[in-house]
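Asker: Numbering (this note's numbering), first residue to last: 12 to 88.
Take the hints with a grain of salt, since some may be wrong.
Straight-line C-alpha distance at most 25 Å; calculated DMTMM-like pairs for lysine to aspartate or glutamate [stated by the list, open to error]:
#  : residue 1 : residue 2
1  : K58       : E41
2  : K53       : E73
3  : K76       : E60
4  : K53       : E41
5  : K53       : D42
6  : K14       : D42
7  : K58       : E44
8  : K14       : E60
9  : K76       : E41
10 : K56       : E41
11 : K56       : D77
12 : K43       : E60
13 : K43       : D77
14 : K24       : D80
15 : K56       : D42
16 : K24       : E44
17 : K56       : D80
18 : K14       : E44
19 : K47       : E60
20 : K58       : D77
21 : K58       : D42
22 : K56       : E44
23 : K14       : E41
24 : K47       : E73
25 : K17       : E44
Derived DEER-like restraints, expressed as beta-carbon distance ranges [as the list claims (entries may be wrong)]:
#  : residue 1 : residue 2 : range
26 : I83       : P23       : 33 to 41 Å
27 : Y49       : I83       : 39 to 47 Å
28 : P74       : Y46       : 20 to 28 Å
Just so you know, the hints here were simulated from the structure itself, not pulled from any lab data. All values reported here derive from a predicted model rather than from experimental measurement. Virtual Cβ for every residue (Gly too), placed ideally from N, Cα, C.
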Amino acid sequence: MKKMIKFTFNLPKNWINEEIKEPLKSIIKEDKETYKIYSNLKILKPKAEQLLAMKVLAARPEPAKDFIDAFILCISL
12 MKKMIKFTFN LPKNWINEEI KEPLKSIIKE DKETYKIYSN LKILKPKAEQ LLAMKVLAAR
72 PEPAKDFIDA FILCISL
């Protein structure tokens with residue numbers, strides 16, 4: 012995907028911030044685990060590493076709780 016974006020927008024080789032590469036891997040991988048199974052419904056949730064990456068990338072200003080959520084996830088990992 013990264014190569015496709017680079018090609019599409021004619022971006023330089025180092026177009027992406029190196030510090031964001033690691034969280035992006037967790038987003039692209041989409042590791043999910045089963046949360047609940049019902050007779051006609053299966054609920055999936057992201058694994059903790061992916062959820063942390065999503066919170067870091069979102070990093071919305073207050074009143075969103077992305078930074079607090081990220082802190083809690085870091086403690087639990």
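Asker: Tell me if the straight-line CA distance from K24 to D80 falls inside 25 Å.
Answerer: The hint is violated at about 33 Å.
Asker: K47 and E60 were given as a pair; does the straight-line alpha-carbon distance stay at or below 25 Å?
Answerer: holds, 19 Å
Asker: Quickly compare the C-alpha distance for K53 and E73 to 25 Å and report which way the hint goes.
Answerer: violated, 33 Å
Asker: Going straight from one Cα to the other, do K24 and E44 come out at no more than 25 Å?
Answerer: Answer violated: K24 to E44 is near 34 Å, above 25 Å.
Asker: Take a quick look at whether K14 and E44 sit within 25 Å of each other, Cα to Cα.
Answerer: At roughly 28 Å apart (the allowed maximum being 25 Å), E44 and K14 break the hint.
Asker: Taken at face value, is the distance from the CA of E41 to the CA of K56 at most 25 Å?
Answerer: holds, 10 Å
Asker: Hey, K56 versus D77, does the alpha-carbon distance stay inside 25 Å?
Answerer: holds, 17 Å
Asker: Is the hinted pair K53 and E41 satisfied, with a Cα-Cα distance of at most 25 Å?
Answerer: Holds - the C-alpha atoms of E41 and K53 are around 16 Å apart, at most 25 Å.
Asker: Need the status of pair K76, E41: alpha-carbon distance at most 25 Å?
Answerer: Holds. K76 to E41 sits at ~22 Å (cutoff 25 Å).
Asker: Is the straight-line distance between the alpha-carbon of K14 and that of E41 25 Å or less?
Answerer: holds, 19 Å
Asker: Does the alpha-carbon distance linking K14 and D42 stay inside the 25 Å limit?
Answerer: The hint holds at about 21 Å.
Asker: Mind checking the alpha carbons of K56 and D80 for me, to see if they're no more than 25 Å apart?
Answerer: Given that 25 Å is the threshold and the Cα spacing comes to 16 Å, the pair holds.
When the structure is compared with the earlier hints, violations turn up for hints 2, 14, 16, 18, 24, 25, 27 and for no others.
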